[in-house]
Amino acid sequence: MTRVIRIIKESFRMVRNNRLRGFIIILGIAIGVSSLTMTVCVSSGVYKKVMDTVNKQGPDLIQIRPGTDKFSGPAAGSREAVSLTEEDFEAIRQHVGNINAISPVKDRKEIAVKYGDMNTVTRIFGITPIWGPLRDFNASRGSFISEEDISSSARVCLIGQIVKKNLFGDKDPIGQAIQIMDVSFIVKGELESKGVGAEGRDRDDRIIIPITTYTMRLFRDTPLTQIVIKVEDTDKLYKTVDDIYSVLREQHKIASGEPDDFAIRTPQDLIDLAYGTSRSLIKVLTLIAGITLLVAGIVIMNIMLASVSARKSEIGIRRALGARKNDILSQFMIECLLLSLMGGIVGAILGYYGSIIISKMDVAASDLTPLALGAAIVSCCLIAVIFGIYPARKAANQNPVDILRG
Amino acid sequence: MIKIKDIEKTYNKTSVETRVLRGVTFSIQRGEYVAIMGASGSGKSTLMNIIGCLDRPTKGQYELDDINVLQQDDDALSALRNRKFGFVFQQFFLLERTTALDNVLLPLIYTNKYPADAIQHARKLLINVGLEDRMEYYANELSGGEQQRVAIARSLINNPDVILADEPTGNLDSGSAAEIVEIFGRLHKEGRTIIVVTHDRDVAGHAQRILELKDGQIKR
Numbered sequence: 001m002t003r004v005i006r007i008i009k010e011s012f013r014m015v016r017n018n019r020l021r022g023f024i025i026i027l028g029i030a031i032g033v034s035s036l037t038m039t040v041c042v043s044s045g046v047y048k049k050v051m052d053t054v055n056k057q058g059p060d061l062i063q064i065r066p067g068t069d070k071f072s073g074p075a076a077g078s079r080e081a082v083s084l085t086e087e088d089f090e091a092i093r094q095h096v097g098n099i100n101a102i103s104p105v106k107d108r109k110e111i112a113v114k115y116g117d118m119n120t121v122t123r124i125f126g127i128t129p130i131w132g133p134l135r136d137f138n139a140s141r142g143s144f145i146s147e148e149d150i151s152s153s154a155r156v157c158l159i160g161q162i163v164k165k166n167l168f169g170d171k172d173p174i175g176q177a178i179q180i181m182d183v184s185f186i187v188k189g190e191l192e193s194k195g196v197g198a199e200g201r202d203r204d205d206r207i208i209i210p211i212t213t214y215t216m217r218l219f220r221d222t223p224l225t226q227i228v229i230k231v232e233d234t235d236k237l238y239k240t241v242d243d244i245y246s247v248l249r250e251q252h253k254i255a256s257g258e259p260d261d262f263a264i265r266t267p268q269d270l271i272d273l274a275y276g277t278s279r280s281l282i283k284v285l286t287l288i289a290g291i292t293l294l295v296a297g298i299v300i301m302n303i304m305l306a307s308v309s310a311r312k313s314e315i316g317i318r319r320a321l322g323a324r325k326n327d328i329l330s331q332f333m334i335e336c337l338l339l340s341l342m343g344g345i346v347g348a349i350l351g352y353y354g355s356i357i358i359s360k361m362d363v364a365a366s367d368l369t370p371l372a373l374g375a376a377i378v379s380c381c382l383i384a385v386i387f388g389i390y391p392a393r394k395a396a397n398q399n400p401v402d403i404l405r406g
Numbered sequence: 001m002i003k004i005k006d007i008e009k010t011y012n013k014t015s016v017e018t019r020v021l022r023g024v025t026f027s028i029q030r031g032e033y034v035a036i037m038g039a040s041g042s043g044k045s046t047l048m049n050i051i052g053c054l055d056r057p058t059k060g061q062y063e064l065d066d067i068n069v070l071q072q073d074d075d076a077l078s079a080l081r082n083r084k085f086g087f088v089f090q091q092f093f094l095l096e097r098t099t100a101l102d103n104v105l106l107p108l109i110y111t112n113k114y115p116a117d118a119i120q121h122a123r124k125l126l127i128n129v130g131l132e133d134r135m136e137y138y139a140n141e142l143s144g145g146e147q148q149r150v151a152i153a154r155s156l157i158n159n160p161d162v163i164l165a166d167e168p169t170g171n172l173d174s175g176s177a178a179e180i181v182e183i184f185g186r187l188h189k190e191g192r193t194i195i196v197v198t199h200d201r202d203v204a205g206h207a208q209r210i211l212e213l214k215d216g217q218i219k220r
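Chains A and B are the protein sequences, given in the same order.
Going by my numbering, the first sequence runs without a break in its numbering and finishes at 406.
Going by my numbering, the second sequence runs without a break in its numbering and finishes at 220.
Among the clues, some could well be false.
Within a straight-line C-alpha distance of at most 30 Å, the following computed DSSO-like cross-link-like pairs (lysine-lysine) qualify [unchecked claim]: (1) Lys5(B) - Lys325(A); (2) Lys171(A) - Lys109(A); (3) Lys9(A) - Lys56(A); (4) Lys325(A) - Lys219(B); (5) Lys230(A) - Lys49(A); (6) Lys13(B) - Lys325(A); (7) Lys9(A) - Lys124(B).
Derived CB-CB ranges, DEER-like [claimed, not checked]: (8) Gln71(B) - Asn326(A): 48 to 58 Å; (9) Gly185(B) - Ile298(A): 48 to 58 Å; (10) Ser40(B) - Gly290(A): 17 to 27 Å; (11) Thr58(B) - Asn326(A): 58 to 68 Å; (12) Asp402(A) - Arg209(B): 50 to 60 Å; (13) Thr18(B) - Ile389(A): 51 to 61 Å; (14) Gly191(B) - Ile389(A): 27 to 37 Å; (15) Ile389(A) - Glu17(B): 50 to 60 Å; (16) Gln61(B) - Arg13(A): 57 to 67 Å; (17) Thr286(A) - Arg56(B): 47 to 57 Å; (18) Gln71(B) - Leu294(A): 27 to 37 Å; (19) Ile298(A) - Thr58(B): 49 to 59 Å; (20) Arg22(B) - Asp402(A): 21 to 31 Å; (21) Ala118(B) - Ile389(A): 24 to 34 Å.
If you are wondering where the hints come from, they were derived from the structure by calculation, not from laboratory data.
For each residue, glycine too, the CB sits at the ideal point set by N, CA and C.
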């Protein structure tokens, strides 16, 4: 048994002998570490959710909308709503580089759709075939809109899973005819399920049809509601956005200094939207974690200092019996580390459950990562060392004669 | 084995300079039983602390088995205390909430070579001082006489050259005191060097030689 192991054993024994001190230190550290664990769990959960959203919607995707709102577009019929045109689309396609794919989109919400006796109200999208791979929206059954559908303005459609449920229930919709605003369309496929998007809109509640059919059969001479662009090189995405701004401002004859009458949505906007209130929650949590860890450190320092005074005679006895200054320092540091580690473990468990509660309450997402456990262990060790070293040194530097004389 | 020459110790703790030891010279041979006597304030505890490497003199020379003690650093002094001396204090100085057995084993934490038979050895030492049925008692559960006997067992665990006892009977009733003195006599017969600091003539009477301190000097 080496000296180090003997001192570690002795530290364990002294930790057992000083339960109240141990309890207070563990409590202090546990509170600090639990809030840190919670912060890390919530941050990584939110980050994961944000990145999921961005990846689902495409990290290389740019969306242009009329009006000034990046997410919803202007109200139908407003002056802003007519600001995006087929000519704009052509101009961007011809003058902006770094474009991998581009699709014009026309859509309108709250459209009445009928199949036999069944009615529903949904959103209709007029799109081109490239829109599918662009938005990663594929046919789960049947086939997607084709170039022939576009050139012949075919009356075909694909329906989302919600629409299918509302109109067909369990029946197979493919090949059936449905009425969109009393125009008959053949269902040629079903869209795969996508769930709720970043804007909070259900992406399964929609019908897509060829954009040419949309214009000729449903809504004559309507402007575009979106232009969707997938960039070639993501690193140059913001340069491309700038190019689109200049092209569109020139198209719309907007004088410099005047505001845009269109909005460009980038993946960064999506990140901002997906973070929402979580960002300020994370800030508050981080602040709480920092304060509680600092308080935990001060608690440790106080308790350890009190412990050093209370255990003066013990220190003197050990020194008289042959303990070096370093042996005393090590003993007190190991005691402090041990208690902090126990506090760290308790804190990590509390923090984990705390973050689960936060995610259950739907305040923010939460995710237990090895990072959270690592942060808990590292932080409690750091606190033990930073705030424990001074009391431990004080213990080691006691003069044994002074102590023994009492 | 102990050679002390012209040792002086001056305290400057208050603004007044206190000269506790004013040139003390003596030597002690291996196997001797020596009592250091003196009234309180005569400097006998200070002298004992210096002999036990717990304190440093202001001036003078101290050789312990040809080691120049006063040139050693703090760690080396710790090692000397651990290896060469067994301490017995007036206030016993056992660790509370620690069993008699663990108290006896305490000095072994700080040795360089931990003996394989440490626990048997510690038990034997406790049996030798008559505490075979008190080994697992906490120190604070023992009487004063029992505590001091634990302290003596502890002082022997490292098989030291010298037993240094500072007023070992000062806090004990006469019966317990007699037992402690009896144990010292036995240890001396076994060949150990014993230095007892005391103001009690009866205790000092058991020693072979008495060094009497007065006003910081040895009275001849």
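Each hint tested on the structure:
1. Lys5(B) - Lys325(A): Distance ~28 Å between lysine 5(B) and lysine 325(A) Cα, so the pair holds.
2. Lys171(A) - Lys109(A): The hint holds at about 25 Å.
3. Lys9(A) - Lys56(A): violated, 54 Å
4. Lys325(A) - Lys219(B): Violated - the C-alpha atoms of lysine 219(B) and lysine 325(A) are around 37 Å apart, more than 30 Å.
5. Lys230(A) - Lys49(A): holds, 22 Å
6. Lys13(B) - Lys325(A): At roughly 23 Å apart (the allowed maximum being 30 Å), lysine 325(A) and lysine 13(B) satisfy the hint.
7. Lys9(A) - Lys124(B): With a Cα-Cα distance of about 23 Å, the restraint between lysine 9(A) and lysine 124(B) holds, given a limit of 30 Å.
8. Gln71(B) - Asn326(A): 48 to 58 Å: violated, 20 Å
9. Gly185(B) - Ile298(A): 48 to 58 Å: Given about 55 Å between the Cβ atoms, the range holds.
10. Ser40(B) - Gly290(A): 17 to 27 Å: violated, 56 Å
11. Thr58(B) - Asn326(A): 58 to 68 Å: violated, 27 Å
12. Asp402(A) - Arg209(B): 50 to 60 Å: violated, 31 Å
13. Thr18(B) - Ile389(A): 51 to 61 Å: Violated, at about 35 Å.
14. Gly191(B) - Ile389(A): 27 to 37 Å: Cβ of glycine 191(B) to Cβ of isoleucine 389(A): about 46 Å, so the range 27 to 37 Å is violated.
15. Ile389(A) - Glu17(B): 50 to 60 Å: violated, 36 Å
16. Gln61(B) - Arg13(A): 57 to 67 Å: violated, 41 Å
17. Thr286(A) - Arg56(B): 47 to 57 Å: Holds, since threonine 286(A) and arginine 56(B) (Cβ atoms, about 52 Å apart) stay within the stated range.
18. Gln71(B) - Leu294(A): 27 to 37 Å: Check failed, 46 Å falls outside 27 to 37 Å.
19. Ile298(A) - Thr58(B): 49 to 59 Å: Once the Cβ atoms are compared, 41 Å apart, the range 49 to 59 Å for threonine 58(B) and isoleucine 298(A) is violated.
20. Arg22(B) - Asp402(A): 21 to 31 Å: Taking Cβ atoms as reference, arginine 22(B) and aspartate 402(A) lie about 22 Å apart, which means the hint holds.
21. Ala118(B) - Ile389(A): 24 to 34 Å: holds, 32 Å
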